[in-house]
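Make a model of the complete structure from these sequences and hints.
First to last, the protein sequences are chains A and B.
Each residue of the first sequence is one higher than the one before, counting from 1 in our numbering.
Each residue of the second sequence is one higher than the one before, counting from 1001 in our numbering.
Hints listed in this document are in silico derivations from the structure and should not be mistaken for laboratory results.
Computed from a prediction, not measured in an experiment: that's the story for all the values here.
Hints are all accurate, no fakes.
With a straight-line Cα cutoff of 20 Å, these simulated EDC-like cross-link-like pairs (lysine to aspartate or glutamate) come out:
| # | chain 1 | residue 1 | chain 2 | residue 2 |
| --- | --- | --- | --- | --- |
| 1 | B | Lys1227 | B | Asp1197 |
| 2 | B | Lys1105 | A | Asp447 |
| 3 | A | Lys6 | A | Asp429 |
| 4 | A | Lys425 | B | Glu1092 |
| 5 | A | Lys361 | B | Glu1019 |
What follows is a list of derived Cβ distance ranges for each label pair:
| # | chain 1 | residue 1 | chain 2 | residue 2 | range |
| --- | --- | --- | --- | --- | --- |
| 6 | A | Val248 | B | Asp1240 | 50 to 58 Å |
| 7 | B | Pro1041 | A | Ile253 | 39 to 47 Å |
| 8 | A | Arg443 | B | Arg1243 | 46 to 54 Å |
| 9 | A | Leu370 | B | Ala1133 | 38 to 46 Å |
| 10 | B | Arg1235 | A | Val248 | 58 to 66 Å |
| 11 | A | Val40 | B | Lys1020 | 51 to 59 Å |
| 12 | B | Arg1111 | A | Val248 | 49 to 57 Å |
| 13 | A | Phe446 | B | Leu1249 | 48 to 56 Å |
| 14 | B | Asp1240 | A | Gly171 | 38 to 46 Å |
| 15 | B | Ala1133 | A | Val280 | 45 to 53 Å |
| 16 | B | Pro1041 | A | Phe256 | 34 to 42 Å |
| 17 | B | Asn1231 | A | Leu370 | 46 to 54 Å |
| 18 | A | Phe446 | B | Ser1166 | 26 to 34 Å |
Positions of the beta carbon are idealized from the N, C-alpha and C atoms, including for glycine.
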Amino acid sequence: MTRQSKAVRLTIRISLVLFFLAVVICPVFSIFLRITPAGVRALVSSKDFVPAIVNSVTTALTATLISTLLALGAAFSLSRTNIRGKGVFSTLFVLPMLIPSISHAYGLKALIGANGSGILSWLLGLNFSILGFPGIVAGSVLYSFPIAFLMIESVLRYEDGLPYRAAQVLGIPPLRRFTGITLPYLKKTLISTFFAVFTMIVTDYGVPEALHTRSFGYTLSILMLRDVENARFGSAGVIGILLLVPAVAAFTIDLFIRDHGQSGFVSEPVGAGCGRGARVLAYVFSGILSCLILLPIAAFSVQVFAKSYPTDLSFTFSHIRDTFRSGADRFLENSLLYAVLAALFGTALAFLSAYLTTRAKGPLSRPLHLLSITSVAIPGLVLGLGYVIFFNRTPLYGTVFLIALANTIHFFASPYLLMVNTLNKINPDLENVGKTLGVGRLRIVFDVLLPKVRPSLFEMAVYFFVNSMMTISAVSLLAPPAPLPLSLMIARAESQIDLGKAATVSLLILSVNLAVRGAMALARRRAAQAQG
Amino acid sequence: MGSLKDKLVVRDLSKGYREKEVLTSVSFTVRDGEFLSILGPSGCGKTTLLRLLVGLLTPETGTIEKDGVDITFAPPDRRGMGIVFQNYALFENMSVQKNVEYALKIKKGTRMIARERAGEMLAAVGLSDYAKAMPGKLSGGQQQRVAIARTLALRPDVILFDEPMSALDVATRLSMRCELKRLQKTFGTTMIYVTHDQEEAFALSDRIMILDRGEIAQLDTPENVCKNPANDYVRSFVLDNLRAKIESLSAFAEGLSV
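As C-alpha cells, then:
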C-alpha cells in the first residue's frame, strides 16, 4: 500500500517534470535552435538595432528608478504612518494591474497626447507631446508601479520594530534610523524589485508600441514583434535571447538573496505612529500618486462616452455600439474562455505541484520546484516566440488551449509560490495522523487540506483570470491563428486610429477585472464574517 | 502496571538519515498496560523511535513484534497503535465531534457506531459540552484532549505520545498528567510517552528509557534510575536536572524570605 502510493507519487512527479520541460524549457531552447548566423547578421546590420537597444535600456532604466522610488514612498506612507483611508489608497495603487500595459499608454495619449490632442493639453492650452521618451517612461512607470509597491510594502509590513525602539531610546535621529536600520533591511528587496521591474518594462511592448515616434525609433520588444510578424524567426530569436538576459539575471539574483527579511523573527511590529508633518506628507504623496494613476484611466473612460474627444464631451454610447459591432463581444468571449481555462488549469496545476514539493517530498521534488518557478524568468514575448516555434507543427497550434497554456505558464510562478507558502504553514503531521487513523492521503487532501487552503485557491484562480484578461505579450504572437482575445483589440483599434474603440476595450477589461476582484473581496469578507 | 505479558518486543532497531545513524541497534520490551517514558535531550532519537514503532518510518535493521506478531513493515493503521502529536494535528475545518468520528466513519466496521463511539470518547476526556465547537476555539489543553479522544476512538491497545505537553502551560500540564493516568486506567492501554521533561517522565511512568545519541543508556523504574544510574551519562543527566530544580527552588525561597 505504502510502496504503491509512493510509486504513484513518483509517477506524478516524473509526469509533471516532463510536462514543465515540454512547456517551459523546450520552447525556449527551440528559440536558440532557430538562430542562424544570417539572422544575427541581418539584425546587427539593421539600422534600427543599436538605437533599439539604447532606447530599451534608457527608458527601462529611467522608468525603473522612478517606479521603485515612488513605490518606496507609497509603501512607507501606508506602512509607517497612521493616515486614514489606507485601504482606498492601496486599492488605487494596484489598480493599474487590472489593465493591459497598452491601455496605460493609451490613457496618457487621451490625457496629454501630442500637440493638444489630449484632454489636459486641450483644456490648459498646452502644446506638449507625450509621445516618445517621456510617454514611454511614464507609461512604463504606471504599468510597473503596482508590482514594485507590492514587493516593497509586503516586506516593510513585516519588519521587526525592536531595533527602532532601541534606536529611539539611544536618541538616534529619524534620518539616521532610516539609513542605519531601514535601508539595510530593505537592501535585498530593493535590488530584487529593481531587477524585476526593469525586466518587466524592458520586455513589454504595449507601452512603446503605442507611444513610439519615428524620431524616437523602436525598442527591442517592438523589433521582435515586427520580426515575428514577418516570419523572421532567426533575428526574433536573437532579440528573444537578449530579452532573456535581464530576466534570468533577476531570477538568479532573487534566488540567491531571497530572504527579504520575512523569515526573521518579529518581536514587535514597527508601528504606524508618526508626527503630524509626516502624516501630512503621506497624505499629499499618496493623494498625488493616486491622481497620477487615476487620471489616464479617467481620461480613456471619459473618451468612451464622449462624442468627439476632447473637443466635444457630450454623452454618447456610439463608441460602445461601434466596438461591439466590430466584434468586441466575440473577442470578450475568447478572453473569458482563455481566462477561465487558465484559472482552472493553472490553479489545479499550481496546487498539485506545490503539494508535491512541500507535503509529499521525494525524488524530483527539488527539480519540480525549480521548474515551477522558472517561468518567472521567461518574459511573455519570449515565451510566446518559443511557443510559435516549438508548437508550430503540433495540433495544439492555433487552438484556444495553446493560449490558455501559455497564459498558465507565463503567470504560474506567483500562484505556485503562494500555495507553497500556504501549505508550508499548515500542520505537517496531518497526513501522518491520517496514516495512523487509516485515512488515505487523498482523503486528507480533499477533506482537510483543500477546505483549509480554499482562500488561497480562489486568490490563485483570480490571479490567473485577471492576468489572462489583460495580457498582450505571449498572446500577441499566438493569436492569430488562435482566436483573438479582447486585449489585442486595443492595439488593433489603435493602429486603425479608432481611439474610441481602444478606450472602450480598455474600460471593458478594467470593468471585468474589477468585477472579479470585487466579487473575490466580497466573498472573502463574507467568509471572515461567517468564521466570526 | 497491568499484567507482565510483553506487549511490544523491539530487537536491534536501527535508523539513519543521509548516512548519519540516529538510532543504533535498539532493543527493549514494553509490557502490557505499562506506561513507558522515553527521555533524552533533543536529537537523541526519541521521535525517530516513536515513528518507527507506529510505522511512519521503516527501520534499516531490526524487528518490532506486537503480541508476538511481526509488525516491522505493517502499515500504520494495521498496527493497533495510535499516536498523539506534539502539535495535536487536529482537522481544523471539522468540529470536535467530527474530528473524533472522522476515521470511524471511513472504516467499514465502525461506520454505524461512529457517532455513538465519538460521544463516549468525548465524555471520557470531559469534552461532551464542546462537541460542536471548532478546534480553533478551544484552549491548548482542550485541543490535546480532542487529539487523545480521536486516537482512543479507534481502540488502539498502544498509544504513543510525542511530547504532547510541550506547548501547554504548567497548570494545564499538571491536570493533563492526572488525566492521562486516569485514561490509562480506564482503557487499560499501553502508553509510550516521549518527552524531554524529566519531571513529567518521573511522575507518570512505570519505567523510563533514557536515550543517549541513539542508544539506550538505561531502561528501568524511576526509582532505580535515580538510585542506581547505569552510567555517568545517566547520572549527570538526572543529577543536572535535580541540581537545576534545587537551585531554582532555593532562589524562589530566597525571594520569599526577602
